[in-house]
Every structure is written in C-alpha cells, then in structure tokens.
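Sequences are here, hints too, so could you generate the full structure?
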Amino acid sequence: MTDTLRTENLKVYYGEHEAVKGIDMTFAEQSVTALIGPSGCGKSTFLRSLNRMNDEIPGSRQTGNIWIGDKDINSSETDVTVLRQKIGMVWQRPNPFYKSIYENIAFGPKYHGIKNRKQLDQIVEDSLRKAALWDEVKDRLHTSALSLSGGQQQRLCIARALSVNPDILLLDEPASALDPISTSKIEELIGELKKSLTIVIVTHNMQQAARVSDFTAYFYLGSLMEYNETSIIFTNPSKPNTQEYISGRFG
Amino acid sequence: MKPKAADKLATGIIVFFALLIVAVLLGMLGFILFRGLSHISWDFLTSEPQTIREGGGIGPQLFNSLYLLILTMIITIPLGLGAGIYMAEYAKPNKLTDAIRLIVEVLSSFPSIVVGLFGLLVVVQQFDFGFSLFSGAIVLTIFNMPLMVRVTEQAFRSVPKEQKEAGLAMGLSKWKIITSILFPVALPIIVTGTILAAGRVFGEAAALLFTAGMTTPHINFSDWNPLHHNSPLNPFRPAETLAVHIWKVNSEGLAPDAAQIAAGASAVLVILVLIFNLLARWLGRALYRKFTSIK
Amino acid sequence: MKSNQDTPLLLRKHRTEEWIGRGYTTICVLFLIVIIISIVYFVATKGISTFAINNVSLSDFLFGSTWSPDDNKFGALPFIYGSFLTSLLAAVIASPLSVCAALFMTEIVPSWGKKLLQPVIELLAGIPSVVYGFIGLSILVPFMRDTFPGQGIGVAAGAIVLSIMILPTITSIATDALGALPRNLKEASYGLGATRWQTIYGVIIPTVLPSILTGVVLGMARAFGEALAVQMVIGNAPHIPTSLFESASTLTSVITLNMSNTVMGSVQNNALWSMAMILMLMTFVFVFVVRLLERRHKL
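Chains as they are written, first to last, in the numbering used here: chain D, 1 to 251; chain R, 252 to 546; chain W, 547 to 845.
Calculated from the structure, these hints are not laboratory results.
Residues from chain D that keep clear of chain W, each with C-beta distances beyond 10 Å, as calculated:
| # | residue |
| --- | --- |
| 1 | GLU8 |
| 2 | SER31 |
| 3 | GLU56 |
| 4 | MET225 |
The list that follows gives simulated cross-link-like pairs (lysine-lysine, DSBU-like), each with its CA atoms no further than 35 Å apart:
| # | chain 1 | residue 1 | chain 2 | residue 2 |
| --- | --- | --- | --- | --- |
| 5 | D | LYS110 | D | LYS194 |
| 6 | R | LYS499 | W | LYS619 |
| 7 | D | LYS115 | R | LYS541 |
| 8 | D | LYS239 | D | LYS21 |
| 9 | D | LYS71 | W | LYS559 |
| 10 | W | LYS660 | R | LYS253 |
| 11 | D | LYS138 | R | LYS425 |
| 12 | D | LYS130 | R | LYS425 |
| 13 | D | LYS185 | D | LYS86 |
| 14 | R | LYS427 | D | LYS130 |
| 15 | D | LYS99 | W | LYS559 |
| 16 | R | LYS412 | D | LYS99 |
| 17 | W | LYS559 | D | LYS11 |
| 18 | D | LYS110 | R | LYS425 |
| 19 | D | LYS118 | D | LYS138 |
| 20 | D | LYS118 | D | LYS195 |
| 21 | D | LYS118 | D | LYS194 |
| 22 | R | LYS425 | D | LYS71 |
| 23 | D | LYS11 | R | LYS343 |
| 24 | R | LYS255 | W | LYS732 |
| 25 | D | LYS110 | R | LYS415 |
| 26 | R | LYS253 | W | LYS732 |
| 27 | D | LYS99 | R | LYS343 |
| 28 | R | LYS541 | D | LYS110 |
| 29 | D | LYS115 | D | LYS138 |
| 30 | R | LYS425 | W | LYS559 |
| 31 | W | LYS661 | R | LYS541 |
Beta-carbon label-pair distances, calculated as ranges:
| # | chain 1 | residue 1 | chain 2 | residue 2 | range |
| --- | --- | --- | --- | --- | --- |
| 32 | R | PRO477 | W | GLU564 | 32 to 38 Å |
| 33 | R | ILE321 | D | ASP55 | 38 to 44 Å |
| 34 | W | GLN697 | R | LEU260 | 34 to 40 Å |
| 35 | D | SER75 | R | ILE321 | 50 to 56 Å |
| 36 | R | SER292 | W | GLU564 | 55 to 61 Å |
| 37 | W | PRO728 | R | TRP293 | 55 to 61 Å |
| 38 | R | ASP349 | W | ASP722 | 21 to 27 Å |
| 39 | R | LEU317 | W | GLY748 | 51 to 57 Å |
| 40 | D | LYS110 | W | ILE566 | 16 to 22 Å |
By construction, the Cβ of each residue, glycine as well, lies at the ideal position given by its N, Cα and C atoms.
See the structure below:
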C-alpha cells in the first residue's frame, strides 16, 4: 500500500495574501509529523489545506498538488466528499455533535451507507476502543456527548474521525484546550494510533512535539524552513532561526 | 449638593415612569380579565354569535382563529425556514444578499393593512380565491415570513462554527450538515421564535378584514370533510377570526351585550397570547435541555 | 470505505443533496422577492391610476383639505395630517417613557429591573392591536370625555393608544443599546466623581442617541401603519382637527372603513389605493432613515 501523502508546491491564498508559500513535503506513513512554528506562520492553514477545508472560506484558493499515492486530491476533479473520508480531522476545541455519544460515532458510517445495526454497534465500539474511551462511556452510550468532560469530548472527536476508517489523521492543536491529565491521555493515544495511520499534528507546545512526533517541520512566515527527524530538529537544527524558536526565544 | 439633588430627582422620575409602565400593563390586563373572565363560559366559547339578540358566543370565531393559524403556519414554516437557511448558510456576502436583506426589512415594516390590501387585490380577486381562510393564510404568511426568516437566520448563526467544520471534515454534503447537525442545535431558538410569531398572527386583524372576510357562513361542526362546503375544515370558505370579531363588535355591534362580548373575546385572545408566550419560553428551554443534556 | 464501487454512489447522493438544499432554499428566497415586487407593483399601479386614469390632480389629492367623494373632491390632506400628527405625538409620548424604562433596567436597578420590566415589555408587545383599541374605547375614551373638552375620541386618544403600542419597540432597542455600552465608559465618568444622573445625561445618552433614534423611527413606522386600534378611538371625521380632542382620521382608518364600501375601480376606491401607496412610500422612507441612523451608529 503506497498511499503516501505528499505535497508539491502547495500555495494557499487568502485574497491577495499568500499564507502558505509553496510547500513540498512528504509525510512518512505510520508515523507522526509535527508542524511547529510561531503564530501566523501558516502551519494551521497548511494543515487545513490537506483536506481542503480552506475551500469553505470565501476568498481563499490553493494551488499546487496534494498527492495521496498517485492521485492528486487538489485537482478540481477530486470530490472533497470522497477525499475527506480518507482524511480525518480533529480541532483545538472539542466539537462533538449535539447528539448522543453513540450517534456521534455512528453518524458518519450511517451517512456512508451502513444501515445494519450490529455492524454500527461494532463500529462504535471499535472506534471508542481505539480512542481509549470505551471503558469510560460504554454504560452511557445514549447520553448526550456534551455531558462528557473536555478531555473525553476530544477523544470522542478522535473516535468520530476514526469511525469512517481514514488513512490519515490531521490534528490541529488537539490538546491545547485540555488539562495536563487529559493532554497526556491524548498524547498516549496518538502514539497508539500511529501504528495504523499517518498523523499530522499542529502544536504550539515544544515538549509535546518532542514527545509525540517522529518528524518535525518548522514553519516560518508561510514557508517550510526545516523538516527532519524530530530528534535532529530538537538537538541539532541546521538553521539558527529554528534553534531560536525551539529554545523559546520568540513565538 | 446641587448635582446630588438633581441625581435624586432624575432617579425618582426614571423609577416613576418605569413603574408607570408596569402599572399601565397591570391595569390593562386587570381590566380585560376582570371584565372578560366573568363573561367567559363554556357556552360563550362554543355557541354562535348573535347579531341583534343578547347571549351570542364566539365559537366559530375561536375555531376560525385556531384553524387559520394552523393553515398559516403550514405555509409559513417551510418557506421561512428555507429562506432563513439560505440567508445563514448559502448567501455570499455580496450585493444580492444585501438586497434580499433590505427586502426582508421592508417587508417586515409594511403596515399589515397594506399587505391585506395586496391580498384583496391579488389573492381574493385576481386569483379568485374569494374571502377565504386560504386568502387569509397567504396574507398572514407574507406578514409573518420576514420574522420567521430572521429567527431562522439568527438561530443558525448562533450554532458554533466548529459544528459545521466537523461535518465538513467528515465529507458530509452542506445540506446534510444543515439538516442533521445544525438544525437540531438551532431548533430551540427557532421553536421559541415561531411560537411568538404565531401569537402575533393570532392577534392580527387588519390584514384579514379584506382577505379572510368579516363573516362566517353557517358551519356544520359534525362534517369534518375539508372538501364539503359547510365543513369547518373547508379552507375556501370565508372566516371571521376572533380579532376581527372584536373589531366588528366594537365598531358595528348591535347586540345589547356587545361590550361584554368584546371584553370576553378580548380576554380569550389575551389569555391565548399569554399561553403562546409561556409555551414558547418553556418549550424552547425544554428542547435546549434535551439537545444539550445540560441539567 | 476502501471499496471503490461505493464511491460513485456516495458522490451521486452527495450531489443530489446539495442540489435539493440549494434549490429548496433558493425557491423560498425567490418567493420573498416575487412577493415584494408584486406588492410594490400592484399597490403602485392602483395608487397611480387615481391620477393617471381618473385625472384627479396630485396636488389636490395631497394638499386638498376636503374629502367629499360625492362632490368629486378627493383631498387626502386631513388623513395624511392625521397620520403624521398621531404617530409623531405617539413618539413624543412614548420616547421618554421608553428611555426611562431602558435606563431603569440597565442603570438604576440592573439586578432586578430587567426581571420586572422585560416580561412587561414583552407582554405589551404581544397584546393584539384590536385589544388595545377595545381598551382605549372602554377606558381611555370615557376618561378623556370626563377630563377634557370634546367627546373623548380624537387625536389625543389615538396618540395615547399608539404610544403604548410602540413603547416596546423603542424600549427594547434602547435597552439593547444601553446593555452593549462598554463598561469603562461609565467607570471613567464615575471615576471623575460624576453622579449617576450626570453620567447618564452627559455620557450614556449621547453615546446611545443614534440607537434610541432608530428605535423612535421604528416605533413611528409602526404607529404610522397601525390601523384598527387608531380607527377605533380616533372618531373618523374627515376633517383637519383644530384641537387634540377633536375627532379626526388617519390614512389607515379611512382605508379600513371605506375599502369594502366602495366599488373596485371607482375613483373613490382608487383614491384609497393612493393612500395605501403613501403608506407604502412612507415605509420606504422609515426603512431608509433607520439605515442612515444605523450607519451613523457604526462609525
């Protein structure tokens, strides 16, 4: 299976402003890539462009190619619906649907045509297990998702993203709104999930990037400054700017 | 000391006027209920009105008001929801959208009598629906739609945008997101707004004088086939509503107990509007709790 | 999800849904547009035919003070005057009351003022206009008859009834504006040692004045278009009143009373449509003024 995610000269514009300036990147499969950099460096925009969420923002457009295997998903022929099944996404603030825990997970598979109740039950259980939430909620699957704590809600959102069996998972600062205990649970989960998924995570937290990721990409003013194995970026970066950011001198 | 004295005086005046408003409302409600409740009986609520003799009731009018309200809402809700969703979710920030917004604003400011006259000319005469419940329902829809559009738009805009993003990232169509994800969240506000709008429709009279008519033919309350001429459910018969009846009794009532009938009918109208208000609040809160399960 | 034969099916479903949603909501908006265009078109055509077909002179209609259809005199000035006079008076009575109510809720006793007055204002807004007319007829008119010269009915009675009806409109807009004021604005004034009234008078009112004016204009618009409540208490004499306690008419009251007693297409009937056209044009004016005020408010 060579469904490697790769971008080629990817640019994102908001109106006239070029927010992402021609990024070439290849994401290693079954590993975690962290995107770091100061606020406004384009890392979140870049992440959102990978499943074309920027399409929904009026006045934005993106050029270049995003390859999954040999398919360019940035071409106008690719329907975003199909693409977004393959790429799951989780945001900074947990955003479960105003539905029951069960419905939150079963919603996507149902929409994609799975009607069989047993099959759905199985998907719900599998997804919740993968997100390490099953044991906490198995007795109250039909209560509202909003009754969960923030950390649980975020894991529910991860489970929801997993329910449609994506190959790639995009995480946009998934732990920045959570307490330390919930954060460590999410980080543990990421380590578990990368066994079967390609994970791209945006984070402001250097320690977190160092802990969870295998590769790290440093963004600055819309450009990719440096991209390498995490251990190298954090111990021996090749650019002084990277060094300054990582050591907390600005950002 | 002078500014202090002025401050006290001004505060006193403000409090006085505020309490005056409360007193005016209580006085009016008290008057209506005091004068009206004594006249309300089962017989009054169900029997037919009398033109010259004493003891007329408001049965058909009450039925007409409720039935007309239902007919109106059947037309208004789908149209208002659709247009409101368009404004909240599909409209792009451009000149066309500005124009539609202006239209909604103008339409909501039109005097109801002008809308009624339009109904008379176009629905009653041009399309030949005559003085009928149907004509009345169309006019009330026009009268009510701007409010529904605004309520719907606000309700949809109040849904956190992360909800929509989550749906988009799952590859749902926009319409599926609107109906399955956003709509349940927006529903409490929509329900509250709709019921309040319904209360307004219920009390409207000026727009109905020339569309639903000022008379009610004899209705046979044992025939519920909407296609029959004398059936209460026949939407193409003229129908005087409760509000119109109050106006008519006051301006040309010949019955000796016209004042009592007007008071009784007003009390019924006010009580129903009160019920609408309370229902709107209660239902909105109950739905909100159900969907968010915040205890 | 990996099976490729599912994909076209899902795509088709997706496209169909998009098509349904876009189509349905667009039709609803088109309905709105068609309605407004037809209202303007039909009312204007009918309203203009008085002058274009029946050859009534526009100036006679606008400035003629005799309304006597039997003598072919179609001076609508008494009604135009009556409409403007009652709605202006209503705004004059209601505005200070509304501003006081808003200040009461936001500045004087913010803790419980809103709990007391908010439901009161909402109920006032919910009472149907015929009920206002009935109350006016049963309480206000006898009171005016006993207190002032005249029959009780008349411009004053109409204006008072209207003022209560537009009170909620002005109050809620004023309350929203006051509630949206930044905290530090008031604190700066109190910090300088100003009393509450000095703060209200010197800082708060000037800041929210455009919003209050917006409320007043919206209230006047409502008063101008209100038909039955005014018609029930104003007396309906087709003259320019010389005192506030004299019977008069408004555009809406004349239309209400005469529309069903005249034959469609007759001069008298067309003249009523011309009055409806004035009501419609005034709606445009009110909306325009509100927009102007809102724009000023944003600056």
